[in-house]
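**Student:** Guided by the hints, dock chain W onto chain R, whose structure is given.
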Amino acid sequence: MSKTVVVGMSGGVDSSVCAYLLKEQGYNVIGVTMQIWRPENVCDIADNGGCCGLSAVDDARRVAETIDIPYYVMDFRSEFQKWVIDHFAAQYVKGLTPNPCIECNRHVKWEALLQKARDIGADYLATGHYARISQLENGRYSISASKTAAKDQTYALYALTQDQLAHTLLPIGEYEKTDVRKIAEEAGLPVAHKKDSQEICFVPDGDYASFIEKEDGVTVPGPGDFVTPSGEFIARHKGITHYTIGQRRGLGVPAGERIYVTDIDPASGKVTLGSNDDLMTSVVSADDIRWMGLEGIAPGERVRVKAKIRYNHPGETGYLESAGEGLVKVTFDKPVRAAAPGQALVFYDEAGTYIYGGGTIIKT
Amino acid sequence: MIYLDNAATTKIEEPAFNAMLPFLKEEYGNASAVYELARRSKKAIFEARKNAASLIGAMPSEIFFTSGGTESDNWALCGAYETFRKKNTESSGHIITTAIEHHAILHTAQYLESLGVSVTYLKPDHEGLITAAQVTEAIRPDTFLVSVMTANNEIGTIEPVCEIADAVRGIRKDILIHTDAVQAFGQINLQGIAKHADLLSASSHKLGGPKGVGILFIRDGIKFSPFMRGGMQESGRRAGTENVAGIAGFGEACKLAFAGIDSKISAEILLRDRLIAKLSDITDVIINGPYNAGDYLKRLPGNVSVCIKGIEGESALIMLDREGICASAGSACATGAMEPSHVLKAIGRSDDEAKGSLRFTLSHHNTMEEIDKAAGIIAEIVEKLRNGKNF
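Those sequence lines, one after another, are chains R and W.
If you use this note's numbering, the first sequence corresponds to residues 1 to 364, in order.
If you use this note's numbering, the second sequence corresponds to residues 1001 to 1391, in order.
Looking at chain R on its own, in the form it has when it is part of the complex (with noise of 0.2 Å):
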C-alpha cells in the first residue's frame, strides 16, 4: 500500500509543487493548510476587508483540487500563539533578536501538525522547504543544503529531532527554484507566478516594534539611552523594541561617522551605539543545543565546522567546541558581523553541506 503524507500546504508556489510531486511519486498524498491567524471579530472583518488568511486558503485550495488530493484546513492558532507570538515578543521585550520560523517549525509544524498528521493516519509530513534529509554514515538523520544554492532553507530547519527527521519529506530540495516554477506552469497549478513571501509572516509591515506593543500581557520597556561604547550618555532613544543588533538606520541620531547598534542591555534600557568594528566578533556562544547529524561533542573536543549566525549569512569557518553543561562555542577563522543574542548559531560540516546541529545565540 503507497504512504500517506500530509504536504504543510501555504497557498504559495513551493509548498504546491511539493504537493504535486509526491502525488507524482505515487504518494497518498492529503493538503493541509494550518490557520495560524487569530480570531477577528465582525467588526475587524469590515475594517479589513477578509478574514482568516482567505485567499491563502483559496490559493491552496485551488491547487488542491487541480491536483485531485484531498485538502483541509487545521486550526493551530493557540498553538501559534503559545510557541511563536507570545515567544517573538518576549524575546524582543529581553533585548534578544528571535528568529520565528525556527519556532515556527520546530513546535507548530514539526510538533503538533506532524502529530496531527499521525493521528489522521499518515507516515509523512512534507513541507516544501528548499532542504534536503539525508542519512549520514554514522546512521543520523541531517538537512542538508537544497540544489538551489541560493534559496538555502537549512537554517531555519536545524532544531528538528531524529524522528521528526525520519518522518518529513522535502522533495523540492531535490530541485531548483526556476524548475520549480516550471513544474507549476506544466502541471497547471494556478500559483505558478505567485510572489515569494517575505518578512516574518505575522507582521508584514516590518514594524515588530509596534506589533509587539499591541500584544496582550505584554510590558513594552519605554525610552531609555543610547550610550557609546563607553558608557557615556549620546541621546535617548524609543525604547529597546525598537532596535536589533547591528541596526544602522532609524535610530535618530545624527553622528559624523556609521554608527550602529552594538548591544542592548535590557536591565538598564540602555542601547550601545559603536562603530562597525565593535560589531565584529570571533567567538559566539550558544545554548539550547539541538543535535543533528552529530550526536554531541565530548568536553575538550574541537570540531571543524561551517557555522552561520543568521539566516542568509554565507557561514564562515571555525572551530566548535563545548563550552560547558549545555553551551558550545564556535571560534571562527575570521571574525563574523553583528552576531545577534536570540539568533540560532547553526554549525555545518566544514564544507557547510549538512547540519550537526544549533543552538540559540547568548551574550557573551
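FYI, nobody ran anything at the bench for these hints, they're computed from the structure.
Don't be surprised by glycine CBs; every beta carbon is placed ideally from N, CA and C.
It is possible that part of the hints are untrue.
[Claimed, not checked] Here are the computed distance ranges between Cβ atoms for each label pair: (1) W:Lys1173 x R:Ser197: 52 to 62 Å; (2) W:Met1368 x R:Ser78: 37 to 47 Å; (3) W:Ser1091 x R:Thr66: 52 to 62 Å; (4) W:Lys1042 x R:Asp205: 47 to 57 Å; (5) W:Thr1009 x R:Ser78: 22 to 32 Å; (6) R:Ser197 x W:Gly1310: 35 to 45 Å; (7) R:Gly188 x W:Thr1131: 53 to 63 Å.
**Tutor:** Chain W only, in chain R's frame:
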C-alpha cells in the same frame, strides 16, 4: 458515503427539485410583469408563501422571502434596531439574546453593539436551555428586541420560545420577539409559534429545499423597516426580483415537511437514539444537550452531539471523511477550519472537552444500517486516536 451533517445542509428532495425546473427553463417570467408568463411565476411564489406559512401557523401575507437564514437574521436584528431608532433618537436601545445563537445573530448583534446598542447575551444552563425568567429579568426600559433561537444548531436544544414570548409580552407589549428557527423549521412542530413570536427566520436548504432561499416571518401589523430597498417585491419590504425557482423549490419542500412531519420525527428519533446509545458505549463520552430516549420536545430529533475525551474532533472528522462519513464538529469558519465552539463553552464544557466534540445530524433518509456502520467506524477511529501514533 454516509451523510450525517443535515444541520449543515440537506440533500434536496426530489419533488422540490422538480418544482424548480420549469422556472429555470421555460417559465422565466418576471413575477412583477403583467402577462400570462409572469403570472405563472407569481402564482408559484404565492403557493410557496402559503406552504411556508402553514409550517408555522402564519398567514401567507406574513411571509417574506429572503436569500436565506443569514439574511433573515440580519434583517430581524437590523430592522428592529432601525425601527426603534426612528422613534427613539436619544437612546441606542437594548437587545436580549443568548450566548448560543448562530453567528448570523451573534455577529449582527456585535455589529449593532459597535453602533451603540447594548446587548445582553444570556447564558444557558448545562443542557443549553434558556428560561423565560432569565429573559424577563434582563428586560430594561430601553429593550426593543428579544431574540432566542428555536433550536440550537450544535447541541439540538429546543428553547421554550413561545413561553418566553408570552412572558415578555406579559411585562411589555412593545418589545419585538424574534426567533432564529433555521434548525427547527420543518424539523419539529412549530404550528403555534406564529401566535407568539413577531419575527421568525428560516432557511430552505435545511429541510430539503434549494440553497439561497429563506424567509423572515413578520407578524401582521407590526412596524418594521425594510432590509433591501428597491422595487415593490415582497410588499416593498424586501426588494429585488424574486428567485422564483428557489422559492418554488422551497415551497415544495415546506409542503412535504408539513405532510410528513410526524413520521419524519419518529424515524429520526429512532436513528438518533440508536446512535446515541452506541456512542455512549465508548468510554468517556459526554452527550451534549438534553437527552431522554424518545423525547423530541427538548432536543431536535436528528441531533447527536458528543464530546469524546482524549481525541481531537478535527482529526476525527478528517478520518471520518477518509471513511466516507460526513459529520462536523463546532461550527465551521469560512476557511473550513474548526472553531472552538462557543455553544459548548457556554454549556460549561472545558476547552479540552470542546476540542473533542463531534456532531452528527441525521435525516429520515438515513438507515439503521448506516447508523450502525457509522457507529462502528467512529468507535474504531476514537480508539486509534486515543492510542496515539498511527505509525
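**Student:** Does each hint fit the structure? Answer for all of them.
**Tutor:** For each hint, the structure was consulted:
no.: 1; hint: W:Lys1173 x R:Ser197: 52 to 62 Å; verdict: holds, 59 Å
no.: 2; hint: W:Met1368 x R:Ser78: 37 to 47 Å; verdict: holds, 39 Å
no.: 3; hint: W:Ser1091 x R:Thr66: 52 to 62 Å; verdict: holds, 55 Å
no.: 4; hint: W:Lys1042 x R:Asp205: 47 to 57 Å; verdict: holds, 55 Å
no.: 5; hint: W:Thr1009 x R:Ser78: 22 to 32 Å; verdict: holds, 29 Å
no.: 6; hint: R:Ser197 x W:Gly1310: 35 to 45 Å; verdict: holds, 37 Å
no.: 7; hint: R:Gly188 x W:Thr1131: 53 to 63 Å; verdict: holds, 58 Å
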